[in-house]
Amino acid sequence: MLEWKHEIAKRLEGTNLRAEREAEIIEEISSHLQDRYHQLRAEGATDEEACREVAVELDSTDLQAEVRDTENTVSQDPSPAGAATTGQWISDFLQDLRYAGRILRKSPGFAAVAVLTLALGIGANTAVFTIIDTLLLNPLPVEKISELLALNTTQAKMTAPSGELQPMSFLNVKDFRERTRSFGSLAAHSNPMAITMTDGAEPHRIFVEIVTANYFDVLGIHPFMGRFFHSSEDTTPGAAAVVVLGYTAWQGRFGGSSDILGRTIKLNNTLCTIIGIGPKGFKGLYAVFGPDVWVPSMMAEQILPAQQRHALSDRAIPLFTGVGRLRPGHSLAQARTEMNIVAAALEKEYADTDQGQAVTLRPLTEAAYGPERQPLFFGSVLLMAIVGLVLLIACSNVANLLLSRAAVRRQEVAVRMALGAGRSRLMRQLLTECVLLGLLGGVLGLLFGYGGCRFLWSFRPAEYAQNLADLRINASVFGFAFAVSVLTGLIFGIVPALRFSRTSVSEVLKEETRNVGRSRGCISLANTLLAGQVAISLVLLVVAALFLRSIQHEYTIDPGFETKHLALFMLYPGQVGYDRARTEQFYKQARDRIGSVPGISSVSWASNLPLWGRKETGALIEGQEQRKKSEAISAVVNTVDSNYFSTLGIPFLEGRDFTQDDRDISTRVAIINDTMAAKYWPNQDPLGKRLQLPRGKEFLQIVGVVKTTNYQTLGETPQACIYISLRQNYSDGMILYVRTERDPSTILAAVQGEIRGLDPAVPMEDMRTGTKVIDQALWWSKIGVGLLGVFGLLALGLASVGLYGIMAYSVNQRRREIGVRMALGAGQGEVSLFILRQGMTVVFSGIALGVVLALLLGRALSRFLYGVSANDPLSLGAASLVLLVVAFFACYLPARSASRMDPLVALRET
Amino acid sequence: MAPTVENEWKKGSAELLILSLLENQPRHGYDIAGLIETRSQGTLHFHVASLYPLLYRLEKRGWIQGRWVEKPDQRRRRYYRLTAEGQRVLALQRRKWQEFAGAVSRIAGVENA
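If you read the sequences in order, they're chains V and H.
So for the first sequence, my numbering puts the first residue at 4; every next one is plus one.
So for the second sequence, my numbering puts the first residue at 10; every next one is plus one.
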């Protein structure tokens, strides 16, 4: 009496029951009606009478309403009217979710492999996103960052296109503050500067930012503990020796002790009282590198090194970057116009110092990266693209796994469709399963990502670990991981789900349940996915190889100075209260004593760290004064002692070194490099010519020309450099350069002992060997290459597992065919070859595609590679070879097991 | 169907009837419907469209539990049995019903049969 089923089903329409439940109800009630019908007939009713009676039975009450009330009310709570559809949808979703959970529990192996595969992909994405979120998307934990603008000086007529931003002098900031109306208030802060902090006995090098009292207010941040500066503490120079400690410094250097407020620390020999702790996660306005402490600007004279001591009163000392919050209703363009007007006025009023200077007003989000913005941005995009590809491979692996399960699931799907499940409902169920897999993978992936970030960040150079940005796992990271997980589930689920839902009910139900293999279409789809995976893996391997080769080349770059037998020490005698005479005496004594230590061949002093040179703009050349107006001359300026060049192994091309006779009273002298000589005195002898330093007051005579080295980065384009004599240019903190005969790490302790012998109070930091300097310069590159390598290997691993899985599955499906071949006389070798050929065809087409893609991508990458061409045959060849070997094994193992099959067993099975 | 006094009484007692019938042995729906009709001598009749939803409701509350049973040469049927919770509810409902019926009889002046 099948028609009863039909009638009941009609009455149940719109109840939105789960398909199985609906089928059960139909079966139960129709069985009842059938019994009733038979009973009526047995009692003598005609067929027609019996049917009529039964129909009355069915229609006596509104079955649909009754069932819906019963089945869809969770506990006794009826859902409110109007919410029925949403409630229905949610209950459907929960049903689907429960069902999906059951399905996954039933095949734990599949679920584990799928979840792990996805977790690797999602983890890689989460890790990279966390880095990007910290550094680029969400760098500063300040209030309404979009309203904040940074104010810098630039040279009006720059020759260099980079438009280098420079700080401005305190007096200029003050004038901008007083003469403009665009900002509610304008604060100023210096860059992080190294100073000595003495807390107890040991001196430490820390970083300080000098800020105006309104700095924290303008940013709209609140202290974690204590308070920030009052405006009264920033009016009289030297009056208020107070300091705000950064949260990380408080945790790291003071163990987060709760009685920190009111304690005093010595900053460069000035006793300061700690009045507050900055908010957690706030490390100044540079996204990458931040200070340990903040002091009010009026303390500049006490805290700063000798050269900058007059920063508050000298318009020629640029130290500050302005930061202001736009007044409501003012636009960036208006503010810019206003700033430019003031800048023009200042240029006229203070021609001495401000000539040629313009101002730049940028959103703080842009200013937050300084010059690293472009490489950071590029690196982020590249990494994001790469982990995106890794995730794609993971998705395609899982999609393949799902296709493999199609055989098993086809029956289930067909039965559910026969019971009346709609296709869209079915797709929703299948996608729910995939999304559940994605979410499980996401949870695990978040853990992987977190671990990965921690691991990666543990490679920060220890000297700066506290000052570098902390990676934050915050709401947006969670949001990202969640979105990626759901999206991933949909991506890898959509193709198999479409395929499932297209299942033809009658065909499947007619088939034998077991041993239904994948259809031909399924296999070819799987092969396409596989070839894609191979191609993507190859691209990633090639990229990793290219950057590896690039960094290899970077290590062989000759920076132009000795690194293997070099050690250096930063010493700040000025920071323990030495005056000029005593400091100079200290330099001389240290030089003499250390020079006589066995194993040390020469010693000298210089103001710049290797590869940390800063360019200064505005030098003047005698006889070429018009250049100052048409183009600003910029050069790295380094104060050095005699013997500097021989200590660093920089050869003289012309002229002489500084000598003991170059003193304050004698002619002021300078040494330049050959880049500068060639640029400004082409075809002339620069010896005897004269130049003036940026913001200098007198001309220096050139007495020597040396070879150009790298000043800021390894492998940079040659830059102009001016060396000036330490004896003629006093500095209260210098770097001691020591040239050794053997491995420099062996003499570090001896040198330290000598300096302690001179005065144990003189702060000494950053003892490093020359090799370490190079290492640190390449830190970012190394991290990048490390990441690329890891992701490349991850991709290779995932693709090989996918390849192996598919090959093993296909061998298993074709046992019968292989059995027949063997029974007909095919040998083991032939069978292996047959299977291998099949797999390797896919691999080769993938590699061919990958090579083409890698060549295309290489073009885009070429400008970031050093010393290696984008289509470097070695990288391409090596990556292809690695992939081939791994893929070969992934195919060989299933092939071997196929060839060892007993044909009799294989044939009997089917 | 217009709500008549009988219908309301039927509704009120339906749960008690079903629980009582399942007290001693598991039964399927058709069996339950038949027993109600015969034992009430035709006074009470439950249509499928109200009987089964009621069964599902009781099952959802955890008072009864259904299970598909296949017997040789028969259609499979869903048998319901009383759960421990159902036993308690039955005892409670029985007591309440007796109190209720007694009260009604005493007031309405119907002699207790």
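Quick caveat, the hints were computed from the structure, so don't treat them as lab data.
A few of these clues could be false.
Cβ pair distances, simulated, as ranges [to be verified]:
# : chain 1 : residue 1 : chain 2 : residue 2 : range
1 : V       : 479       : H       : 94        : 44 to 54 Å
2 : H       : 94        : V       : 42        : 30 to 40 Å
3 : H       : 79        : V       : 42        : 15 to 25 Å
4 : H       : 108       : V       : 485       : 53 to 63 Å
Derived DSSO-like pairs: lysine-lysine, alpha-carbon spacing no greater than 27 Å straight-line [stated by the list, open to error]:
#  : chain 1 : residue 1 : chain 2 : residue 2
5  : V       : 13        : V       : 109
6  : H       : 69        : H       : 105
7  : V       : 13        : H       : 69
8  : H       : 69        : V       : 8
9  : V       : 351       : V       : 710
10 : H       : 69        : V       : 109
11 : H       : 20        : V       : 13
12 : V       : 682       : V       : 710
13 : V       : 147       : V       : 283
14 : V       : 177       : V       : 147
15 : V       : 700       : V       : 682
16 : V       : 692       : V       : 785
17 : H       : 19        : H       : 80
18 : V       : 618       : V       : 710
19 : V       : 8         : H       : 80
Computed from a prediction, not measured in an experiment: that's the story for all the values here.
C-beta atoms are modelled at their ideal positions from N, C-alpha and C, and glycine is treated no differently.
- Task: List in ascending order the numbers of the hints, as given earlier, that are violated by the structure.
- Result: 5, 9, 16 and 17
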